[in-house]
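K.L.:
Residue strings, one per chain:
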Amino acid sequence: MNDSVSQHGTAAIRVPLSNVQPLSPARRAWLRFKTNRRGYVSLWIFMVLFILSLCAEILSNDKPILVYYQDSFYFPIIKSYPETAFGGDFETEADYNDAYLKDRLTQAGNWVWYAPNRYSYDTINFATEHPNPAPPSAQNFLGTDDRGRDVLARLIYGFRLSVLFALALTVVATAIGIIAGALQGYLGGRFDLFSQRVIEVWGSMPELYLLIIFSSIFQPSVLLLIVLLALFGWMGLADYVRAEFLRGRNMDYVKAARALGVSNRAIMLRHLLPNSMVSVITFLPFRISGSILALTSLDFLGLGVPPTTPSLGELLAQGKDNIDAWWLSMTTFGVLVSTLVLLIFIGEAVREALDARRG
Amino acid sequence: MRALLSIENLSIRFGDADKNNEVVHGISFQMGAGEKLALVGESGSGKSVTALSILNLHDRHHVSYPSGAIYFQGRDLLKCDQRTLRGIRGKDIAMIFQEPMTALNPVYTIGQQLIEPLMVHEGMGKTMARQRMLELLDRTGIPEPHKRFDAYPHMLSGGQRQRVMIAMALACSPKLLIADEPTTALDVTIQLQILNLLEDLQRDFSMAVLMITHDLNMVRRFADRICVMQHGHLVEQATVNDLFAAPQHPYTRFLLDSEPTRLLADETAARMATRPVLMQAHKLKCVFPIKAGFFRHTIGEVKAVDNVDLTVRQGETLGIVGESGSGKSTLGMCLLRLQECTGEIVFDGQRLDTVGSRQLRLLRRNFQVVFQDPYSSLSPRMTVEQIIGEGLQIHFPALTKAQRRERIVKVLGEVDLSGDMLSRYPHEFSGGQRQRIAIARVVVLEPKLILLDEPTSALDVSVQKQVLELLRGFQVSHGLSYLFITHDLKVIRAMAHRVLVMRGGSVVEAGDTEQLFTAPCHEYTQTLLHASLFNGKIK
Numbered sequence: 000m001n002d003s004v005s006q007h008g009t010a011a012i013r014v015p016l017s018n019v020q021p022l023s024p025a026r027r028a029w030l031r032f033k034t035n036r037r038g039y040v041s042l043w044i045f046m047v048l049f050i051l052s053l054c055a056e057i058l059s060n061d062k063p064i065l066v067y068y069q070d071s072f073y074f075p076i077i078k079s080y081p082e083t084a085f086g087g088d089f090e091t092e093a094d095y096n097d098a099y100l101k102d103r104l105t106q107a108g109n110w111v112w113y114a115p116n117r118y119s120y121d122t123i124n125f126a127t128e129h130p131n132p133a134p135p136s137a138q139n140f141l142g143t144d145d146r147g148r149d150v151l152a153r154l155i156y157g158f159r160l161s162v163l164f165a166l167a168l169t170v171v172a173t174a175i176g177i178i179a180g181a182l183q184g185y186l187g188g189r190f191d192l193f194s195q196r197v198i199e200v201w202g203s204m205p206e207l208y209l210l211i212i213f214s215s216i217f218q219p220s221v222l223l224l225i226v227l228l229a230l231f232g233w234m235g236l237a238d239y240v241r242a243e244f245l246r247g248r249n250m251d252y253v254k255a256a257r258a259l260g261v262s263n264r265a266i267m268l269r270h271l272l273p274n275s276m277v278s279v280i281t282f283l284p285f286r287i288s289g290s291i292l293a294l295t296s297l298d299f300l301g302l303g304v305p306p307t308t309p310s311l312g313e314l315l316a317q318g319k320d321n322i323d324a325w326w327l328s329m330t331t332f333g334v335l336v337s338t339l340v341l342l343i344f345i346g347e348a349v350r351e352a353l354d355a356r357r358g
Numbered sequence: 000m001r002a003l004l005s006i007e008n009l010s011i012r013f014g015d016a017d018k019n020n021e022v023v024h025g026i027s028f029q030m031g032a033g034e035k036l037a038l039v040g041e042s043g044s045g046k047s048v049t050a051l052s053i054l055n056l057h058d059r060h061h062v063s064y065p066s067g068a069i070y071f072q073g074r075d076l077l078k079c080d081q082r083t084l085r086g087i088r089g090k091d092i093a094m095i096f097q098e099p100m101t102a103l104n105p106v107y108t109i110g111q112q113l114i115e116p117l118m119v120h121e122g123m124g125k126t127m128a129r130q131r132m133l134e135l136l137d138r139t140g141i142p143e144p145h146k147r148f149d150a151y152p153h154m155l156s157g158g159q160r161q162r163v164m165i166a167m168a169l170a171c172s173p174k175l176l177i178a179d180e181p182t183t184a185l186d187v188t189i190q191l192q193i194l195n196l197l198e199d200l201q202r203d204f205s206m207a208v209l210m211i212t213h214d215l216n217m218v219r220r221f222a223d224r225i226c227v228m229q230h231g232h233l234v235e236q237a238t239v240n241d242l243f244a245a246p247q248h249p250y251t252r253f254l255l256d257s258e259p260t261r262l263l264a265d266e267t268a269a270r271m272a273t274r275p276v277l278m279q280a281h282k283l284k285c286v287f288p289i290k291a292g293f294f295r296h297t298i299g300e301v302k303a304v305d306n307v308d309l310t311v312r313q314g315e316t317l318g319i320v321g322e323s324g325s326g327k328s329t330l331g332m333c334l335l336r337l338q339e340c341t342g343e344i345v346f347d348g349q350r351l352d353t354v355g356s357r358q359l360r361l362l363r364r365n366f367q368v369v370f371q372d373p374y375s376s377l378s379p380r381m382t383v384e385q386i387i388g389e390g391l392q393i394h395f396p397a398l399t400k401a402q403r404r405e406r407i408v409k410v411l412g413e414v415d416l417s418g419d420m421l422s423r424y425p426h427e428f429s430g431g432q433r434q435r436i437a438i439a440r441v442v443v444l445e446p447k448l449i450l451l452d453e454p455t456s457a458l459d460v461s462v463q464k465q466v467l468e469l470l471r472g473f474q475v476s477h478g479l480s481y482l483f484i485t486h487d488l489k490v491i492r493a494m495a496h497r498v499l500v501m502r503g504g505s506v507v508e509a510g511d512t513e514q515l516f517t518a519p520c521h522e523y524t525q526t527l528l529h530a531s532l533f534n535g536k537i538k
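For the protein sequence lines, the chains are Z and W, in the order given. Going by numbering that gives the first Met the number 0, 149 is the number at position 150 of the first sequence; the sequence numbering is gapless. Going by numbering that gives the first Met the number 0, 276 is the number at position 277 of the second sequence; the sequence numbering is gapless.
Errors might be hidden in some of the hints.
Stated by the list, open to error - Across the chosen pairs, the derived CB separations fall in these ranges:
1) T353(W) with L268(Z): 54 to 62 Å
2) F231(Z) with E98(W): 37 to 45 Å
3) K400(W) with T307(Z): 54 to 62 Å
4) G124(W) with Y39(Z): 35 to 43 Å
5) T183(W) with Y39(Z): 41 to 49 Å
6) Q218(Z) with A401(W): 54 to 62 Å
7) L268(Z) with G348(W): 31 to 39 Å
8) D352(W) with S296(Z): 53 to 61 Å
9) L268(Z) with L362(W): 19 to 27 Å
10) E98(W) with F217(Z): 44 to 52 Å
11) S156(W) with L268(Z): 55 to 63 Å
12) W43(Z) with A401(W): 39 to 47 Å
13) F231(Z) with G348(W): 39 to 47 Å
14) L268(Z) with T183(W): 33 to 41 Å
Hints in this document: simulated from the structure, not taken from any laboratory. Don't be surprised by glycine CBs; every beta carbon is placed ideally from N, CA and C.
Make the full structure from the sequences, and use the hints.
P.N.:
Here it is as structure tokens:
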């Protein structure tokens, strides 16, 4: 059956539909992406790891997920209960790793459902038998850092923070880059000339010094880092978008749109932007991996996020200070390298997928 | 006489064997020494692929030869190793390409590129090679070859570059010259010069020439024998006289019939003169400043359009002819206010040159444009429905989505495309179909005037005729006026009521088409006519 009758208001038009579904350029790119096994598998692994890390509170937490105590349920993961609620002595929040409390919670029909890893990123394990940093043991699968915090917990939370940070930074910097590049490329002329000079001046500012200065003026925070890095990160992309718009501006289909009476805004959004997204999308995975690396190196230097925040860079710095505690440096190195490698494999596949010459 | 080149049952395949992607299917032909053979066909017929396989210039990973052999002087070129082939390329068989702009490496002087084949194949020293190439350059008609020798490719014009390419090809006195559309990218007057040059050189060097082209007219003038190709099959092979006098194969007859014929049956000049004026331009001028120095001050100017006056009447086609750089496209863009200019433009009683940009956008519905290249004039990321619907959205905002679709389907029918193409993307269409979509995009707005900027130049001759007939049909049924810009005088003769001939930004001659073609007054018009409308052999 090839024909179908479609009803449109009062008029019925026969629109014969062929069996072959027409593929949009984006859909064909996705099919090409899938043929690259390495990139496709990398994307899956990365997505699974990322989604798991989003559930870090369930995977790795010093508060149990569910407590059944004296015929009622408690949800420590969402709500904080004082120790007195479980028959303790203090009004402070319950420490569920405390031996006395553990004992009470498992007696007489009470039970506890702990998270798979019983530490949060800032839980200090006072019960370890070794001096900190403690090597891997049954208590701490990947050992502890020099303040007695569980390395596995810090890696999970640190990975999540790195990826979220990188995504936010990429989105902000890409948005600024696209807007700046699009305006320069489309308007051209004096505006372009002026913006180019501004970019040159801005780009020659010493980024690292500014970061040092700002981190001494303001309270260091993740938001401040995103703002600062985004202020300097948009320029590279703006150049590419500008070039694409400059090229596209003279294409016949843009002239045709102008001849149709399409407004400048619509030309930029509907005609030029979709056609210059190829370079933008190609850069995305590489930008994300670059952002992760930037955050890690700033943390390594101590210019990044505040000290309690779980961060891969801070773990690496600890690994450098405690060179014989191999579990610090090797595990962080492993996480960092596999993240970057996965992103680069994805990036390569995206680049190949968007290469229209591959049919 | 033993054949110089003999192709036997040659098949060529792209990509993997399992897919059905054979592009040339078992063709055979022979060439004698000193013979001029033409391989004619439309795009996709496999003519260039065949020519490239003679020199084995295909990418070995993508192209394979399921059957056949190419014997050159008794040796099978397909079985030769790369080393032997390198010895033959440029020495015994040379090739010139269509696009002289990209066939020369821009970072070397033409001299460096010219002496290379001599040094490689003949082992000549630099001075001797230079001496010999200077003689050859002189022979190809380049003025002051000493000065040009150390010039970079961008300093030469297109015609001069093609001459350099020819000199380079002739360096080692090849026995066979393969010319792949050698004149297609050039202006008509230059085309004639290059063709004459090739003919002289062919005689002097007594080499064989394999000419690959889509232009039957040119072949008639140049070749001894013609092979016609269609969809990878060699459908007919005959001498020039036989083929033109009595074409055997239906496809050959079809090609010969595709030459555009005059489509304006009964609309005489006198009758057209009574129609109301639609557009009038007075003292139109468009100047591009030449800027130099640190502060970019203007040191001169290029007059792209210089004091042009014109009138277009309702239902009339005004042809604008000229070679590249004559300002004909710029004039068109100026008239539609797509390019800044000075001068007075009146359209349908309204001044276009003074109207504000917001109001101009609303007026744009009335004057539309169709571009030359159907590949770049449709946005690759929009569906056919979006492309055609965009103008409707702007100029008929009251339409509902269903009404809009109804109009789109109707206009697709008018350009002989079916309504099931609505959700397809431009890349799924052939060049001719794309041009129909581009025409549908403007016709759907029911404009009064359409600027046609070389609308058929990128199309095959057979498709060209169909598109011209389609356009003429719209003119009759909708009473459209056309501004028809082209370099192709045959097309102009078929379509235009009146013609403007442009050169260097100004109009050199204007008048009724038939009158201008039969009795051109200006010297330039005569040259243009002579160069483009050669019928039969002019010796």
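K.L.:
If a hint holds in the structure, say so; if it doesn't, say that too.
P.N.:
Against the structure, the hints come out as follows:
1. T353(W) with L268(Z): 54 to 62 Å: 30 Å, violated
2. F231(Z) with E98(W): 37 to 45 Å: Holds, since F231(Z) and E98(W) (Cβ atoms, about 43 Å apart) stay within the stated range.
3. K400(W) with T307(Z): 54 to 62 Å: 56 Å, holds
4. G124(W) with Y39(Z): 35 to 43 Å: Violated, since G124(W) and Y39(Z) (Cβ atoms, about 58 Å apart) do not stay within the stated range.
5. T183(W) with Y39(Z): 41 to 49 Å: The hint (41 to 49 Å, Cβ to Cβ) holds, given that T183(W) and Y39(Z) are roughly 43 Å apart.
6. Q218(Z) with A401(W): 54 to 62 Å: Holds: the Cβ-Cβ distance is about 58 Å, inside 54 to 62 Å.
7. L268(Z) with G348(W): 31 to 39 Å: Holds, at about 35 Å.
8. D352(W) with S296(Z): 53 to 61 Å: 59 Å, holds
9. L268(Z) with L362(W): 19 to 27 Å: At 23 Å between Cβs, range holds.
10. E98(W) with F217(Z): 44 to 52 Å: For E98(W) and F217(Z) the Cβ distance comes to about 59 Å; the hint is violated.
11. S156(W) with L268(Z): 55 to 63 Å: Cβ of S156(W) to Cβ of L268(Z): about 41 Å, so the range 55 to 63 Å is violated.
12. W43(Z) with A401(W): 39 to 47 Å: With a Cβ separation near 42 Å, W43(Z) and A401(W) satisfy 39 to 47 Å, so the hint holds.
13. F231(Z) with G348(W): 39 to 47 Å: For F231(Z) and G348(W) the Cβ distance comes to about 57 Å; the hint is violated.
14. L268(Z) with T183(W): 33 to 41 Å: 38 Å, holds
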